[in-house]
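Both chains are given apart, each in its own frame, so use the hints to dock them into the complex.
In order, the protein sequences belong to chains A and B. Per my numbering, the very first residue in the first sequence carries number -19; after that it's consecutive. Per my numbering, the very first residue in the second sequence carries number 0; after that it's consecutive.
Just so you know, the hints here were simulated from the structure itself, not pulled from any lab data. Take the hints with a grain of salt, since some may be wrong.
[As the list claims (entries may be wrong)] With a straight-line Cα cutoff of 25 angstroms, these simulated BS3-like cross-link-like pairs (lysine-lysine) come out:
{"id": "1", "chain 1": "B", "residue 1": "149", "chain 2": "A", "residue 2": "212"}
{"id": "2", "chain 1": "B", "residue 1": "188", "chain 2": "A", "residue 2": "292"}
{"id": "3", "chain 1": "A", "residue 1": "31", "chain 2": "B", "residue 2": "49"}
{"id": "4", "chain 1": "A", "residue 1": "292", "chain 2": "B", "residue 2": "285"}
{"id": "5", "chain 1": "B", "residue 1": "120", "chain 2": "A", "residue 2": "214"}
{"id": "6", "chain 1": "B", "residue 1": "189", "chain 2": "A", "residue 2": "290"}
{"id": "7", "chain 1": "B", "residue 1": "220", "chain 2": "A", "residue 2": "214"}
{"id": "8", "chain 1": "B", "residue 1": "213", "chain 2": "A", "residue 2": "20"}
{"id": "9", "chain 1": "B", "residue 1": "160", "chain 2": "A", "residue 2": "212"}
{"id": "10", "chain 1": "B", "residue 1": "167", "chain 2": "A", "residue 2": "20"}
{"id": "11", "chain 1": "B", "residue 1": "189", "chain 2": "A", "residue 2": "214"}
{"id": "12", "chain 1": "B", "residue 1": "167", "chain 2": "A", "residue 2": "212"}
{"id": "13", "chain 1": "B", "residue 1": "189", "chain 2": "A", "residue 2": "20"}
{"id": "14", "chain 1": "A", "residue 1": "214", "chain 2": "B", "residue 2": "179"}
{"id": "15", "chain 1": "A", "residue 1": "292", "chain 2": "B", "residue 2": "189"}
{"id": "16", "chain 1": "A", "residue 1": "221", "chain 2": "B", "residue 2": "188"}
{"id": "17", "chain 1": "A", "residue 1": "290", "chain 2": "B", "residue 2": "188"}
{"id": "18", "chain 1": "A", "residue 1": "212", "chain 2": "B", "residue 2": "188"}
{"id": "19", "chain 1": "B", "residue 1": "188", "chain 2": "A", "residue 2": "12"}
{"id": "20", "chain 1": "B", "residue 1": "188", "chain 2": "A", "residue 2": "214"}
{"id": "21", "chain 1": "B", "residue 1": "80", "chain 2": "A", "residue 2": "20"}
{"id": "22", "chain 1": "A", "residue 1": "292", "chain 2": "B", "residue 2": "286"}
{"id": "23", "chain 1": "A", "residue 1": "292", "chain 2": "B", "residue 2": "80"}
{"id": "24", "chain 1": "B", "residue 1": "96", "chain 2": "A", "residue 2": "20"}
{"id": "25", "chain 1": "A", "residue 1": "176", "chain 2": "B", "residue 2": "285"}
{"id": "26", "chain 1": "A", "residue 1": "290", "chain 2": "B", "residue 2": "167"}
{"id": "27", "chain 1": "B", "residue 1": "327", "chain 2": "A", "residue 2": "290"}
{"id": "28", "chain 1": "B", "residue 1": "173", "chain 2": "A", "residue 2": "290"}
{"id": "29", "chain 1": "A", "residue 1": "257", "chain 2": "B", "residue 2": "179"}
{"id": "30", "chain 1": "B", "residue 1": "188", "chain 2": "A", "residue 2": "176"}
{"id": "31", "chain 1": "B", "residue 1": "160", "chain 2": "A", "residue 2": "214"}
{"id": "32", "chain 1": "B", "residue 1": "161", "chain 2": "A", "residue 2": "292"}
{"id": "33", "chain 1": "B", "residue 1": "179", "chain 2": "A", "residue 2": "20"}
{"id": "34", "chain 1": "A", "residue 1": "20", "chain 2": "B", "residue 2": "188"}
{"id": "35", "chain 1": "B", "residue 1": "167", "chain 2": "A", "residue 2": "214"}
{"id": "36", "chain 1": "B", "residue 1": "149", "chain 2": "A", "residue 2": "20"}
[To be verified] Distance ranges between label pairs, derived from CB positions:
{"id": "37", "chain 1": "B", "residue 1": "359", "chain 2": "A", "residue 2": "60", "range": "17 to 25 angstroms"}
{"id": "38", "chain 1": "B", "residue 1": "179", "chain 2": "A", "residue 2": "284", "range": "19 to 27 angstroms"}
{"id": "39", "chain 1": "A", "residue 1": "217", "chain 2": "B", "residue 2": "364", "range": "47 to 55 angstroms"}
{"id": "40", "chain 1": "A", "residue 1": "214", "chain 2": "B", "residue 2": "37", "range": "48 to 56 angstroms"}
For glycine and all other residues, C-beta sits at the position ideal for the given N, C-alpha and C.
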Amino acid sequence: MKLNYLLFFIFLVLNISFSQLKYSGYGATGYKWHDINQLKEYNQEAYYEAKLETEMKFNDEISAEFDVYGDDEDHIIRLKEFSVKYKYSNLLRFRIGNIKKVFGIEQLTSRDEYFTIDDSYLKRKFSDLGYSGRSVSFMLYKNYDYEKDSLPFSYRIAFYKENSLNSGFFSRLSYHFKDIAYSLGYIFQHRIGEYKMDSHGFEFDIMYAANNFYSNFEVFYADDPNENIIRKSKSIEDFAKIFAIKSTNSYEFKIDKDFIKKIQPVLLLSYYAPDSKFLEYHTFQFLIGSDFYLTKKVKLRLNGDLLLTKSKFDDDYSTYDSRVTLEVFVRF
Amino acid sequence: MKKFFLFFCLCFISCNDLIVDTDYSNDSLSVISITIKPEHYTELLENKLKDTFVPADLYYNNKIYKVHLSPQGAGSRFYPKFGLKVTLSDGLIAGLKEFNLSTQVSDNTLIRSQLASHLYKQFGFLSFYSEVIFLKINNEDKGLFLLTEKIDEDFFQRRNKKVFELVKTVFDAKFTFMDKNNPEATFEKKIPDDNNFSNLSEFIHLIDTIDITKNTNSLEKLLDVDNYIKYHALTSIMNNTDGLANNFYFYKERGNSPYVIIPWDFDKSFNLQFKVGVVGNNHIIKKILENENYRKRYNDIVMLIVEKYFTEENLFPIIDSCYQKFKKFYNRDPFLYNEQESFETRVRLLKDFIISQREIIKHEKI
Chain A
-19 MKLNYLLFFI FLVLNISFSQ LKYSGYGATG YKWHDINQLK EYNQEAYYEA
31 KLETEMKFND EISAEFDVYG DDEDHIIRLK EFSVKYKYSN LLRFRIGNIK
81 KVFGIEQLTS RDEYFTIDDS YLKRKFSDLG YSGRSVSFML YKNYDYEKDS
131 LPFSYRIAFY KENSLNSGFF SRLSYHFKDI AYSLGYIFQH RIGEYKMDSH
181 GFEFDIMYAA NNFYSNFEVF YADDPNENII RKSKSIEDFA KIFAIKSTNS
231 YEFKIDKDFI KKIQPVLLLS YYAPDSKFLE YHTFQFLIGS DFYLTKKVKL
281 RLNGDLLLTK SKFDDDYSTY DSRVTLEVFV RF
Chain B
0 MKKFFLFFCL CFISCNDLIV DTDYSNDSLS VISITIKPEH YTELLENKLK
50 DTFVPADLYY NNKIYKVHLS PQGAGSRFYP KFGLKVTLSD GLIAGLKEFN
100 LSTQVSDNTL IRSQLASHLY KQFGFLSFYS EVIFLKINNE DKGLFLLTEK
150 IDEDFFQRRN KKVFELVKTV FDAKFTFMDK NNPEATFEKK IPDDNNFSNL
200 SEFIHLIDTI DITKNTNSLE KLLDVDNYIK YHALTSIMNN TDGLANNFYF
250 YKERGNSPYV IIPWDFDKSF NLQFKVGVVG NNHIIKKILE NENYRKRYND
300 IVMLIVEKYF TEENLFPIID SCYQKFKKFY NRDPFLYNEQ ESFETRVRLL
350 KDFIISQREI IKHEKI
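Only chain B is shown next, with the shape it has when bound in the complex (with noise of 0.2 angstroms):
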């Protein structure tokens, strides 16, 4: 009776294709336990250049979610390490009802996007919620992920901001009309959902033309000249080779406001093989620092950011404790594990990089 019991109840789980990942030993650091049907999971890696959506359950924090699964990720949906996007069809997981599973292809110990969130953060931005966690799907070890919050409508809700626009830059955004440009071809209008891209092209125009020795205040209207300083300095110093021309959002909240800037997708910054230099160069700055206060306001940013911030004193605890939280997982990763290159030779390269960096700007002219 008792096998028959225990028969009918390996059935009953089966049927329902629920696999439960017991390795929870580790509390710093989440597992997510995801259970796809054969079928679903073959649509899902068929279409993964399409944004094609498949049933699913995910096992959280001792708790199951009915999910949808859909692709996600621009460049690195190319990779075999890819993203997904998640929905769930009930409940919250760390507040968020949609977010995504980001692969951060470029960054091999997940750290650099730690780093570049906070310091992003303590610069005042307008920042995502992102947590490292481990991923598994029928069992098979995934990988380290990156959960990151949406913005979207969402994002601004949560966090009692109005939202008019929001625009997101695609790999080589061009910040001037003097070569071909047709905004809708680089740029991704999120809110409102449209094709309108008439704001944003006024901007761009503005960038072209104006003489900025004289006025400033027609480009102060529409942006906010200070938190691009920011952004354009501590992007430029994190050496984020794919901040300036991609990867960020124009955000306005109302009709009238200036844009802001907020940052996204961290996974090519510290980038050990290509420099941005002090300046990461673009249209938009190079505007801006033609005039000499703004020049000075730049200058003054990354001798604050390299005295305060961009320190060992202020990264090192952050690498250092994402290197503990990691370590037990990194090798069981499939596409981070390297024979040739151990973890702790990765985050030791890391630690070099800042040290240098900083060395580098520091001496730097602008």
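Chain A with its partners taken away, still in its complex shape (with noise of 0.2 angstroms):
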């Protein structure tokens, strides 16, 4: 309840103070159906979530960011991110702040600009593995404007620290030729503590944006600090590198109807090997969607995912953790 206060004092603050202010956000609700055993975790859920992102701007060069959120797990708000963002020059620029740490095209995305209704399991896996997730972090960067800028470059350069036992950094260049944009990504975690792990992460991406169509592919190859530290405690020196790669494709149909205005179905393919020297145990990802637009910024959502895992020693696949996720979401 104090927080409420605090956030509405703090609100008000803003608007007496900033005459620029930009606001902004989304509201979900929706049923999702899990393949889990439910007496693991219950495997049906009925949820609902919103965000809420202020931008204030203090001038050409000064601006910050602060993002609340909510949902009904805990039903109270939190602050999800706070930057502040500084323009040196069109070259550089700096932000600093909790940010979300970059490694593969869907991280750059927000939640409420994304295909899909969940992170896929590459964004999942590379979670659990500290790969993923905010940070406050210091970062250098350079965005890419078509229609401004000469150079057709933009990367990201940042330092981390978490207030856990993982610090590193992160970079990310991406070269940009009409509507495609070529990228490499590297991740770097050190992790402290009693079991001490040095970890690197390694991406290559290929993104093609236009005339409604999108479609992107992400080569991954990284370190598993979780099983590494598992080896190490057995003097195993052989560590695990996971290889990964997903695509997601998808394609708007504009049908300008009193009910639809437009349709956006999704393909996101993926396969996860968490051993590159044991091809054979694997995790596939199909999912399959659709949004439905009522109006730009109100859709309906569906997300089929299907997951199939064959685990080491295990000779059949699993469907575990598939699911089906049906969303109504507001942006504004």
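Following this line, the structure appears as structure tokens:
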């Protein structure tokens, strides 16, 4: 409750102090069914969540952003992000705050702009390993604007420090050619504590976006710090390297009827091998879904997400954690 | 003026939603009284299959604690009497910052858990703290609950133990890859909190493939076999029908230590309906008993339990003491009270079971 008053106070102060304030956000409510042993975790979920994003512009160079988020899990409004941006030049900008670590295209994109309802399997796995999620970071970056930029590059380099055992840095360099972007990414994770571990992740992706069509293809190769800590403890020096590929594709059909304005189907395919030496043990993800736009900012969403996992020593595929999700999503 | 003051005091109390239970005359059983805003209680009831958190006030031992409550349990969430996880904002209760109020749905006396806990402790297993309490929510009797310590990082810290890995078995866990088996589906990795089951998978694979008549070393490296034999024998003799493929932890102190067992949740022990037998069935014990020395050890442990531990002398005083403690509260439990079968009858059935089970085990062949 105290936090609510605090947030109200912050909003009040912000409204009085700054003339250039921009609000945006989303609200979503839906129903999810998981293929999960319901004694481990209940397999059905009716949920709701909302996020409010506030952008404050102090002058042409300095701006800041803070996001608050709440969902049905704890019924508490939480501060999800605060960051300050400084534009030194068109080639060099700075950002400091609790921002997303970038390892792959999905982590570049907000939940309200991405094509699928839930994070992809790969992103969920990389979060487990510490390659994804938010950390307090200091980032140098340059975005690319097709109409304004003569140099067809964009980049980001950041150092992050978590309030746990991890710190490190991530970087991403992209070359833009017409509607296509080629990118290389690298992330380094330094884990301290009783089980110290340094881990590296490499990523390459191609992204195409034009004329209502969007497609990307990503390749990942990264250390598995959780597995490697176990191996290290047993004095095994042959460390596990993850190999994964993913492709996300979407097309926008304009309908312009009374009820539905456009339909945007999505197809996501991925392959994840926890140890690149044993590619026969892996998880496939097949996600098919569609967004039905009732207005530009209100949509109905349906995703069917099939996971096929062949774990080590098991001859059969498991569909564990496959899911079907239906959602109403409002952006503002 | 006095009336106004009294009215003011009442308003103040009701504004804080503080309802204090005054029935503490019986000092043998603690009463926990929770006060929760009706809207929050409704939220809790409407989300009891999820881990939704709501704030509340908890009154215990003459102190008020600010707490957060969330539904707790696995199968018990499907019953009208469901468990709660309690997280204290400040202070400690029974030395704990967080604990469960478990319903023990299959234990209609709340004595089974006490007996099992006593036996596992006597046998040297790492055990969690537990205490039967009487719970009231918004001054309404909710019944007898088991206050239980959670097995988490703090559990090991309180015992000055290191923990490298902790895996919980979930309902119908399989210890073989001969059947379809994705460990992620039937086990829960607790420490570290990730989905890496490579140690456990390696152990299960070994169970499938090892020729234990010739080589026990590789199994001993992954599992403390003597600890497991004790666990399996005691669990079988207690007729704990939910303790051989569910409700125990695999605990690894260091990366290269073997797994030892930490027992958990005993409400299906001393089960009067189903029989486990002297050697309850699972793939681990099947493999272990292929070795003649282990078989002999199992036999010795069974004999020791029957002679020394699973006896009227050892168990009946606990039953009698629990009976004395609980009897005043038992009939106030809306879910336990039964006109057809009294608390006394249930206690007698439990005692009869112990006597007959002991005789059966004595004469059963391994």
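Status of the hints after comparison with the structure:
no., hint, verdict
1, B:149 x A:212, "violated (29 angstroms)"
2, B:188 x A:292, "holds (17 angstroms)"
3, A:31 x B:49, "holds (21 angstroms)"
4, A:292 x B:285, "holds (22 angstroms)"
5, B:120 x A:214, "violated (31 angstroms)"
6, B:189 x A:290, "holds (22 angstroms)"
7, B:220 x A:214, "holds (11 angstroms)"
8, B:213 x A:20, "violated (37 angstroms)"
9, B:160 x A:212, "holds (21 angstroms)"
10, B:167 x A:20, "holds (10 angstroms)"
11, B:189 x A:214, "holds (20 angstroms)"
12, B:167 x A:212, "holds (23 angstroms)"
13, B:189 x A:20, "holds (12 angstroms)"
14, A:214 x B:179, "violated (28 angstroms)"
15, A:292 x B:189, "holds (20 angstroms)"
16, A:221 x B:188, "holds (21 angstroms)"
17, A:290 x B:188, "holds (18 angstroms)"
18, A:212 x B:188, "holds (19 angstroms)"
19, B:188 x A:12, "holds (23 angstroms)"
20, B:188 x A:214, "holds (19 angstroms)"
21, B:80 x A:20, "holds (19 angstroms)"
22, A:292 x B:286, "holds (21 angstroms)"
23, A:292 x B:80, "violated (40 angstroms)"
24, B:96 x A:20, "holds (24 angstroms)"
25, A:176 x B:285, "violated (38 angstroms)"
26, A:290 x B:167, "holds (21 angstroms)"
27, B:327 x A:290, "violated (55 angstroms)"
28, B:173 x A:290, "holds (16 angstroms)"
29, A:257 x B:179, "holds (23 angstroms)"
30, B:188 x A:176, "holds (20 angstroms)"
31, B:160 x A:214, "holds (19 angstroms)"
32, B:161 x A:292, "violated (28 angstroms)"
33, B:179 x A:20, "holds (18 angstroms)"
34, A:20 x B:188, "holds (11 angstroms)"
35, B:167 x A:214, "holds (22 angstroms)"
36, B:149 x A:20, "holds (16 angstroms)"
37, B:359 x A:60: 17 to 25 angstroms, "violated (60 angstroms)"
38, B:179 x A:284: 19 to 27 angstroms, "holds (22 angstroms)"
39, A:217 x B:364: 47 to 55 angstroms, "holds (49 angstroms)"
40, A:214 x B:37: 48 to 56 angstroms, "holds (54 angstroms)"
Checked against the numbered hints above, the structure violates hints 1, 5, 8, 14, 23, 25, 27, 32, 37; every other hint is satisfied.
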